[in-house]
Each structure stands twice: as structure tokens, then as C-alpha cells.
Amino acid sequence: MKIPKLLLPILVIAGIFGGYALRTVFTKPSTAAEFQGNAVAKLECEVDGIRCKGTAGFFTSLYEMEPGIASIVTYASEHKAVIEYDPAITTPDRIRRVMEAPIPLRDGSRRQVFKCLSMNGETDFRE
Amino acid sequence: MKTRYFRYGLMTVITGLVLYLALGYGSRSFEAFCPFGGMESLWGLFTTSEFSCALGPLNLSMLVGLLILAIIAKKAFCGWACPIGFMGELLNFVSRKVWKKRPPVAPKVNGGMKLLRYVVLVLALIFTYKSGELILRGYDPFYVIFSGMGHGTVGLTSLIVLGAIIVGSFVVPMFFCRYLCPLSATFDPFSKLGLIKVVRNEDGCTNCGKCARVCPQGLEPDKAVKLSHRDCTNCFECVDSCPHKDVLTIQATY
Numbered sequence: 001m002k003i004p005k006l007l008l009p010i011l012v013i014a015g016i017f018g019g020y021a022l023r024t025v026f027t028k029p030s031t032a033a034e035f036q037g038n039a040v041a042k043l044e045c046e047v048d049g050i051r052c053k054g055t056a057g058f059f060t061s062l063y064e065m066e067p068g069i070a071s072i073v074t075y076a077s078e079h080k081a082v083i084e085y086d087p088a089i090t091t092p093d094r095i096r097r098v099m100e101a102p103i104p105l106r107d108g109s110r111r112q113v114f115k116c117l118s119m120n121g122e123t124d125f126r127e
Numbered sequence: 128m129k130t131r132y133f134r135y136g137l138m139t140v141i142t143g144l145v146l147y148l149a150l151g152y153g154s155r156s157f158e159a160f161c162p163f164g165g166m167e168s169l170w171g172l173f174t175t176s177e178f179s180c181a182l183g184p185l186n187l188s189m190l191v192g193l194l195i196l197a198i199i200a201k202k203a204f205c206g207w208a209c210p211i212g213f214m215g216e217l218l219n220f221v222s223r224k225v226w227k228k229r230p231p232v233a234p235k236v237n238g239g240m241k242l243l244r245y246v247v248l249v250l251a252l253i254f255t256y257k258s259g260e261l262i263l264r265g266y267d268p269f270y271v272i273f274s275g276m277g278h279g280t281v282g283l284t285s286l287i288v289l290g291a292i293i294v295g296s297f298v299v300p301m302f303f304c305r306y307l308c309p310l311s312a313t314f315d316p317f318s319k320l321g322l323i324k325v326v327r328n329e330d331g332c333t334n335c336g337k338c339a340r341v342c343p344q345g346l347e348p349d350k351a352v353k354l355s356h357r358d359c360t361n362c363f364e365c366v367d368s369c370p371h372k373d374v375l376t377i378q379a380t381y
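Top to bottom, those sequences are chains A and B. Residue 87 in the working numbering is what sits at position 87 of the first sequence, and the numbering runs on without skipping anything. Residue 174 in the working numbering is what sits at position 47 of the second sequence, and the numbering runs on without skipping anything.
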């Protein structure tokens, strides 16, 4: 059966869009951690600096000793962290300050590793 | 109108979108769209139900979408969409202009070199499966170019590898795709099954060889009845170059 040439780009675009549409079927977090706090409220943050499983794990470790944090789930491919917390103990502003605080490096200097780009997809902190 | 213009148009749009994401616009990293990342994530998903390193669901779903495409239209993704394939074609175009009589690659050397892409595929999978990190991404031209030597590249070594691939592309058309691309190796078995292929009408063919001269993959459509070679990207350069009507046609056939 003869095929018109221009069917090919249509099939290629369909393959790409089909692949994109299927992404929700395979969604899995990069890291998931639970802490002591009560899960009363939830924050979805887009974080510059969460690039891989290693950086996602490091991001999570920043909140290990932080009171009021119930859980952190990260998605490295989407540069996203979902944080459950207790608003009676901590606040979104405090959570943001923890992630953006400069980290001490081996050479004695300090560097900011993570930057919160948005929270809940509504509050946008991009400069 | 030549198919090439449609192909280049589509590849320009896709390369532009990747660049747009690479420059930090959009909500996702350009890496998230790499279908080879889907291959690298499979072992981690089977063993720990987690994605390795920077890989995510989009890598896997892109791989699935493009494998289905390969079963229907062979390596059409490589010939119609891949940004690295596009750059390879542009380098080939420039090379043809400046180096009119490029020496052909001996068939045995060409065949032997093509095995390298399976070596790269196996190494990339072993390193990723063993370490959980994308160790080879520092040498991947797609990552090195679009990340602008970003996180995970290995300084001068990344640049040397990229330079070698560019020089190689001047000498051999589609150097990276032919010899080193692990995604191409992944598509190979599916490409063999591809439904849509170029078919040659032996009665009308004068064996002028024009189709073989323009094939970016160095294939010989003038010696086949059905072009089911695993390297064919269904770019249709051969169909456009054929001086005879209805000798090379595009058909859905097994």
C-alpha cells in the first residue's frame, strides 16, 4: 500500500506527543522521606538545584532536623519537591529560607545550592 | 517540494524547543525528554521501583512512544526529529560543500565501526545500572551542547569528545548516528520490523546510483527491493533524488 511522504512527520509528531501524554503512567518520586511533624498542610515547590537523585537526597537532608516537617517527596526530572508540614510549627517562608540558606563547603566558604522558583505553582520567585 | 525541507523544518522546530528548555524556559529540563534516558531507567525501575539519577517518567514514556513509532515507521525519529541527527546532517552538508570528494568508507570498516554503538549502549546501561548515575552523559553530545557544559560534564575531556565527533562528522556522514548513538542501537531491532519503508520497482530502475549517493546513512537503495535495513531513517532523500517516477515509492509493507 502506497503511503504519502508527509504522513511521516505526522507519525513522528504523534509519537512524540503520545510519549509525552504517557508520562503520567510512569510517574515515580526520586526520593521520599518521612519525619516527625504532622502532615497538616502541603507545599509543592519548584526548586532549582534538584537535578538528580544525589541532589534530591541532599535537599531532603536539609529538613532532617527541621521541626514541623512531616514528609518530603522529590521529583528530580521535574525539579520538584512536595513538602508536608505542620503550619502550627513552621511556615512556607521558613521552609523556603531553609532550602535557600548557603551551605558550608569544605574550603570554609558558603554557597547557596538550592533556589525556590515557585511554591504551589502560584507564588513565583523567579527574578 | 522536496521532503528535505519538511524534515529540516520539523527538526529546526524540535531543536528550537530543546534549546528553549535548555535555556531555562519551560517547566522541565531538556534532559527529561531524552528517550535514551528511558532505557537507562529500566533496571532501576525493575529492581528498586525508582528512577536513576536525573531520569524521570517522561524519559520512559518518550522511549515507549518512539518504540511504537519505530515499529510503524522505523527510525523516523532519527531522520525527522533528533536534534543531534539534525546537527549531523548540517555538518554533512557543510562537509560536502568544502570537501567535494570525500573518500568513501570501506564497507568492512563501516560495518565494523557500526558495532561500536552497541558497545556504547552496553557501557551506558552497565554504568547506569551499577552506579545509579548517568556517568556517560559528560560525553554525550546532546547533553554537552544543550547543557552548555553543565552539571555532570567532565571539563576538557567532554570538549575533546565533542570535538572528535564534529571532526568525525566531516569525514563520515552522520558519524555519531552511525557509529556511536546508543539510541540508534536501541531502535535497531524495532527498525527491522518497521512497517513503512522505501520499495524499489526493479523493472523501472536504471541503476543510476543517485539514490545511494544521497543517502546520509550510506545505504544502497538501488540494490534492494524493500529497504528494510536497520539504519534507514525513512528520510526519503533517495525517493526525492530518483529521476524516474514511481521507481522508489513509500509503502506500508512487511
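The set of hints was computed from the structure by calculation and includes no laboratory data. Please read these numbers as outputs of a predicted model, since none were measured by experiment. Built from N, CA and C at the ideal position, the CB exists for glycine as well. Do not rely on the hints blindly, as some may be mistaken.
To be verified - Listed next, with one range per pair, are the computed distances between beta-carbon atoms:
#, chain 1, residue 1, chain 2, residue 2, range
1, A, G54, B, V225, 20 to 26 Å
2, B, Y256, A, R94, 37 to 43 Å
3, A, E44, B, G239, 50 to 56 Å
4, A, N120, B, G143, 46 to 52 Å
5, B, A339, A, A14, 26 to 32 Å
What the hints assert, rightly or not - Each computed BS3-like pair below joins lysine-lysine, with the alpha-carbon atoms no more than 25 Å apart:
#, chain 1, residue 1, chain 2, residue 2
6, B, K224, B, K129
7, A, K2, B, K319
8, A, K5, B, K129
9, A, K2, B, K337
10, B, K353, A, K5
11, A, K2, B, K350
12, A, K5, B, K337
13, A, K42, A, K28
14, B, K353, A, K2
15, B, K372, A, K5
16, B, K353, B, K337
17, A, K115, A, K5
18, A, K5, B, K350
19, B, K241, A, K5
20, A, K28, B, K257
21, B, K129, B, K372
22, B, K337, B, K372
23, B, K129, B, K241
24, B, K235, B, K257
25, B, K224, B, K337
26, B, K319, B, K353
27, B, K227, B, K129
28, B, K353, B, K235
29, B, K129, A, K2
30, A, K2, B, K372
Tested hints:
| no. | hint | in the structure |
| --- | --- | --- |
| 1 | A/G54 <-> B/V225: 20 to 26 Å | violated, 44 Å |
| 2 | B/Y256 <-> A/R94: 37 to 43 Å | holds, 40 Å |
| 3 | A/E44 <-> B/G239: 50 to 56 Å | holds, 52 Å |
| 4 | A/N120 <-> B/G143: 46 to 52 Å | violated, 30 Å |
| 5 | B/A339 <-> A/A14: 26 to 32 Å | holds, 31 Å |
| 6 | B/K224 <-> B/K129 | holds, 19 Å |
| 7 | A/K2 <-> B/K319 | holds, 19 Å |
| 8 | A/K5 <-> B/K129 | holds, 10 Å |
| 9 | A/K2 <-> B/K337 | holds, 22 Å |
| 10 | B/K353 <-> A/K5 | holds, 16 Å |
| 11 | A/K2 <-> B/K350 | holds, 20 Å |
| 12 | A/K5 <-> B/K337 | holds, 19 Å |
| 13 | A/K42 <-> A/K28 | holds, 18 Å |
| 14 | B/K353 <-> A/K2 | holds, 13 Å |
| 15 | B/K372 <-> A/K5 | holds, 14 Å |
| 16 | B/K353 <-> B/K337 | holds, 17 Å |
| 17 | A/K115 <-> A/K5 | violated, 47 Å |
| 18 | A/K5 <-> B/K350 | holds, 22 Å |
| 19 | B/K241 <-> A/K5 | violated, 28 Å |
| 20 | A/K28 <-> B/K257 | holds, 20 Å |
| 21 | B/K129 <-> B/K372 | holds, 14 Å |
| 22 | B/K337 <-> B/K372 | holds, 14 Å |
| 23 | B/K129 <-> B/K241 | violated, 29 Å |
| 24 | B/K235 <-> B/K257 | violated, 34 Å |
| 25 | B/K224 <-> B/K337 | holds, 18 Å |
| 26 | B/K319 <-> B/K353 | holds, 11 Å |
| 27 | B/K227 <-> B/K129 | holds, 22 Å |
| 28 | B/K353 <-> B/K235 | holds, 23 Å |
| 29 | B/K129 <-> A/K2 | holds, 18 Å |
| 30 | A/K2 <-> B/K372 | holds, 14 Å |
Violated hints, listed in ascending order, are 1, 4, 17, 19, 23, 24; each of the other numbered hints is respected by the structure.
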